[in-house]
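Start from the sequences and build out the full structure, keeping to the hints where you can.
Number of protein chains: 6
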Amino acid sequence: MLTVSRTVCFSAAHRLHSPELTDEQNCAVFGKCATPGGHGHNYALTVSVTGPHDLKTGMIVNVTLLHEVLLREVVNELDHRDLNTDVPFLRGVVTTMENVALVLAHRLEEPLAAIGVRLVRLDLAESERNKVTLEHA
Amino acid sequence: MLTVSRTVCFSAAHRLHSPELTDEQNCAVFGKCATPGGHGHNYALTVSVTGPHDLKTGMIVNVTLLHEVLLREVVNELDHRDLNTDVPFLRGVVTTMENVALVLAHRLEEPLAAIGVRLVRLDLAESERNKVTLEHA
Amino acid sequence: MLTVSRTVCFSAAHRLHSPELTDEQNCAVFGKCATPGGHGHNYALTVSVTGPHDLKTGMIVNVTLLHEVLLREVVNELDHRDLNTDVPFLRGVVTTMENVALVLAHRLEEPLAAIGVRLVRLDLAESERNKVTLEHA
Amino acid sequence: MLTVSRTVCFSAAHRLHSPELTDEQNCAVFGKCATPGGHGHNYALTVSVTGPHDLKTGMIVNVTLLHEVLLREVVNELDHRDLNTDVPFLRGVVTTMENVALVLAHRLEEPLAAIGVRLVRLDLAESERNKVTLEHA
Amino acid sequence: MLTVSRTVCFSAAHRLHSPELTDEQNCAVFGKCATPGGHGHNYALTVSVTGPHDLKTGMIVNVTLLHEVLLREVVNELDHRDLNTDVPFLRGVVTTMENVALVLAHRLEEPLAAIGVRLVRLDLAESERNKVTLEHA
Amino acid sequence: MLTVSRTVCFSAAHRLHSPELTDEQNCAVFGKCATPGGHGHNYALTVSVTGPHDLKTGMIVNVTLLHEVLLREVVNELDHRDLNTDVPFLRGVVTTMENVALVLAHRLEEPLAAIGVRLVRLDLAESERNKVTLEHA
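Those protein sequence lines, which keep their order, are chains A, B, C, D, E and F. FYI, the numbering for the first sequence is 1 to 137, going by the working numbering. FYI, the numbering for the second sequence is 1 to 137, going by the working numbering. FYI, the numbering for the third sequence is 1 to 137, going by the working numbering. FYI, the numbering for the fourth sequence is 1 to 137, going by the working numbering. FYI, the numbering for the fifth sequence is 1 to 137, going by the working numbering. FYI, the numbering for the sixth sequence is 1 to 137, going by the working numbering.
Watch out, some of these pointers could steer you wrong.
Repeated chains share a single entry, so a pair holds when one copy, or any two copies, can fit it.
What the hints assert, rightly or not - Subject to a maximum C-alpha distance of 25 Å in a straight line, what follows is the list of computed DMTMM-like cross-link-like pairs (lysine to aspartate or glutamate): (1) K56 - E20; (2) K32 - E109; (3) K32 - E20; (4) K32 - D86; (5) K32 - E135.
Derived from the structure by calculation, the hints contain no laboratory data.
So this is what it looks like as structure tokens:
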């Protein structure tokens, strides 16, 4: 299988805090990630897609189109925002890497179909050492 | 499964242009990648291989041998070349990442077999943000 | 001149907003960096110091000691914090890279003297592409 | 499938030398990696785990807990050590990347189960260009 | 002294060839860099500037403005171009890193003055291992 | 001033231990870096040189020549070696970054003069976070 991957970055604030936990539990579970003022990261999102290999153009997808989808659906919505308060489609979501990755994968489904590809893998890193990966069977 | 990966780099010029498209179509599809003078990249190729784990040496493959194959078959042929005009085995190929990856995977098949391993995965990146991945079932 | 450099990272939220400007002016000057909810970064701080070269140990400074100073004075104070609201020694400071660098250089002066070195250069990066550098004559 | 990955680094010496080979064979097989004095690397270990997605916390695993396991089981044991002579659980092992990866995967099995996750993938890099990957079916 | 640095990238083709040398001399001096078809790189340009520190905004320069200058004067002119043939202000210049750096520094002088800063240092890298640096006294 | 920089890497073992200190003092000063078996790093050496700018070739120095000097004088001597025991010109030197940088700068003086340039700056990093820099006035 052949996939094409594109990476975009965005800088955002967030805070780990679950409304289903008491303040004490939030502290115990999330530690310094629960500090009320929040903290932030330079996030890197890599989206890997596949689809039919167009023999005329030699491409599965035009990376420029893929980039435009990621700018419109992700960067323009999350960059220089507070993930907990400023992003309509993250409202009510505990902004762990796991949850943000799942929400973004869902959000990208249709726009990726519209340019003729489907999501195979999504990597969301909040630093060079912490990452989640979502793989579709 | 255990795989061994080795990365090599090469600097090459290329231009996206399909002989099956009109000039107008080439411009529409490939945008600035179709500029007649071409452009270029520092490409990074990572080859991941597997094979029997030799218990005496503790190795699946001697990375030095793997590196020699990649130097001979890839770097010596593509580094400081124009992929569209200077590489015999890319003649007639639209030099998208997808096509170059497929051609390189095919080209490496026998030399990798000759050192006792088979290709499991090939990553070809034309920048830190654009990449294709070819995975063998 | 011989200098020793040590890099530490911290993840923090911040927002660019000057109390001496109207809301309109803040928006005009800082653009998306002024979004009320704030945003954040993985900051990288590199501190370069010099001092007498101890011929017995071969060192200008023990990097472990230097690291401890940076952990105590910088990382423990800024990591997983909101720079605008949670850090006593940044209170009232517009949290541009320039200002944060100046404040940190001042804050590190004495602790560095205490381990026998002086600050020659301080690099503060808020991303791989944005950085300030403070050099002492 | 959703996985969480954490990377840790350690600096260690090692030497490739198999007791089942003669000195001559060791030289022939391992080349400069067999130099008696040994050499060393800044190793990077990335561990990818999965498990049930806790809907209250939004996490598969608390990265802090995962990090503590890696510090205790790997970094504290291997960092600033000679892999051939100083690490009890590597005694008698030819310290190729392949073997070290297999030993570490085995060693991490129980501690990872104890924090509720299982190992899906382990990447061990001895440099930016050389890596092994162990994937569990 | 306090400087602000911004990095931009561009992918371009080039070829080292001096009209003042014979073909033989060009080959002898430039080796594989003189291949007629040319080759290419992902270039990284870092511009470091200084100026008065505005106490109201806390900034020496708004990085967004600095970025716009670099996009307009450098990236839009060089990205996805052949430096030898497609760039009016490089016509007749042997496109070594040294020469390109000098031309870019000269070209940026006025636009940087127009946003209130002056160039202190310019780094131009054609790969992670090759770089030139121009420093102004 | 215009400088050209070239980076090379080498993997080596070393151990911090001063013959002028007792075992106890060595432990106190160097901590885990004094472990008898030693440890190791992937070192990165960046050499920055200047010289007359040749207007015919557009170069201060041919990077290929500079690279050959670094291979011959540094990489071939230090790569896959134990810096404490295997390198004649480091015998008796406590192998701190400071000392190794000073020895390498001295060693490179003549070979760099032979290709028409002089050393302006030398950076020796033993990891991404630890570095020494030697600057010539």
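Now for the hints, and whether the structure bears them out:
In this homomeric assembly, K56 and E20 come within 25 Å of each other (Cα to Cα) only across copies, at 6 Å, whereas the closest approach inside a single copy is 54 Å. When the C-alpha separation of K32 and E109 is checked against a cutoff of 25 Å, the pair qualifies neither within a copy, at 33 Å, nor between copies, at 27 Å. Proximity of K32 and E20 under a CA criterion of 25 Å is satisfied intra-copy only: 18 Å inside one chain copy versus 32 Å between copies. In the homo-oligomer, the alpha carbons of K32 and D86 lie at most 25 Å apart both inside one protomer (21 Å) and across protomers (12 Å), since each shortest distance falls under that limit.
In the homo-oligomer, the alpha carbons of K32 and E135 never lie at most 25 Å apart, since the shortest distance is 29 Å inside one protomer and 32 Å across protomers.
Comparing the model with each numbered hint stated earlier shows that hints 2, 5 do not hold.
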